[in-house]
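The task is simple: from the sequences and hints, build the whole structure.
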Amino acid sequence: MHCLTQTHWTATKRLLRYLKKTIFHGINIKETSSPTLTCFLDVDWASSLDDRKSTSAYVLFLGHTPISWSSKKQRAIARSSTEAEYRALATVVAESMWLLSLFQEMKFTLPRPPLLLCDNLSATQLSFNPVQHSRMKHIQIDIHFVQDLVEKFFLNVQHVHTNDQVTDLLTKPLSRQRTD
Numbered sequence: 050m051h052c053l054t055q056t057h058w059t060a061t062k063r064l065l066r067y068l069k070k071t072i073f074h075g076i077n078i079k080e081t082s083s084p085t086l087t088c089f090l091d092v093d094w095a096s097s098l099d100d101r102k103s104t105s106a107y108v109l110f111l112g113h114t115p116i117s118w119s120s121k122k123q124r125a126i127a128r129s130s131t132e133a134e135y136r137a138l139a140t141v142v143a144e145s146m147w148l149l150s151l152f153q154e155m156k157f158t159l160p161r162p163p164l165l166l167c168d169n170l171s172a173t174q175l176s177f178n179p180v181q182h183s184r185m186k187h188i189q190i191d192i193h194f195v196q197d198l199v200e201k202f203f204l205n206v207q208h209v210h211t212n213d214q215v216t217d218l219l220t221k222p223l224s225r226q227r228t229d
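Counting from 1 along the sequence shown, just add 49 to a position and that's the residue number in the working numbering.
Think of the hints as simulated: they come from the structure by calculation, not from any bench.
Small disclaimer: the values here were computed from a predicted structure and weren't measured.
Beta carbons: idealized from backbone N, C-alpha and C, even for Gly.
Be a bit skeptical, because a hint or two may be false.
Stated by the list, open to error - Restraint-style ranges between C-beta atoms, simulated for each label pair: (1) Met155 / Lys62: 41 to 47 Å; (2) Lys70 / Gln189: 44 to 50 Å; (3) Phe202 / Leu98: 39 to 45 Å.
Stated by the list, open to error - With a straight-line cut-off of 30 Å between C-alpha atoms, the simulated DSBU-like cross-links for lysine-lysine are: (4) Lys122 / Lys69; (5) Lys62 / Lys102; (6) Lys221 / Lys102.
Here it is as structure tokens:
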């Protein structure tokens with residue numbers, strides 16, 4: 050970034066204020082009677098002005114503690130927000146399955162399948178709907194991957210309202226009200 054603007058300076062000051070305010074915060078891992086694996090995922094569709102690739106993010110919680118998270122630009126350009134969200138969903142499913150195999154190796158069992166929360170209603174419905182739409186043929190592998198695990202009850206995909214979406218922080222700039 051060689052051409053910094055007032056917007057960059059304002060964002061930097063906001064970040065520094067946040068860090069100063071939260072300097073003594075830590076990660077508290079509290080024991081729960083029934084630990085669950087919950088994942089929030091979100092996508093900022095076509096957010097990159099340079100190449101129109103989407104930014105996807107997720108946070109995986111064990112109980113109330115974040116244990117895995119990511120925020121990065123998708124490799125392919127998505128033709129719709131549903132496609133971008135579903136590609137992110139497939140990535141999160143793979144991460145969840147890896148964590149489940151790790152838990153299994155450690156002899157740690159969860160009381161119920163992981164819960165994946167997505168704020169894109171079409172992508173959520175696509176995980177349950179075995180009917181393939183012609184507009185989604187190019188992402189069929191991701192669709193079948195997720196649907197197969199949902200059908201076998203290895204995971205559960207549900208819709209979450211945008212206001213309850215914790216991963217917005219990792220995909221787009223938020224207003225001060227949303228971050229305070």
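Going down the list of hints, with the structure as the test:
{"no.": "1", "hint": "Met155 / Lys62: 41 to 47 Å", "verdict": "holds, 43 Å"}
{"no.": "2", "hint": "Lys70 / Gln189: 44 to 50 Å", "verdict": "holds, 46 Å"}
{"no.": "3", "hint": "Phe202 / Leu98: 39 to 45 Å", "verdict": "holds, 41 Å"}
{"no.": "4", "hint": "Lys122 / Lys69", "verdict": "holds, 28 Å"}
{"no.": "5", "hint": "Lys62 / Lys102", "verdict": "holds, 28 Å"}
{"no.": "6", "hint": "Lys221 / Lys102", "verdict": "holds, 13 Å"}
Checked against the numbered hints above, the structure breaks none of them.
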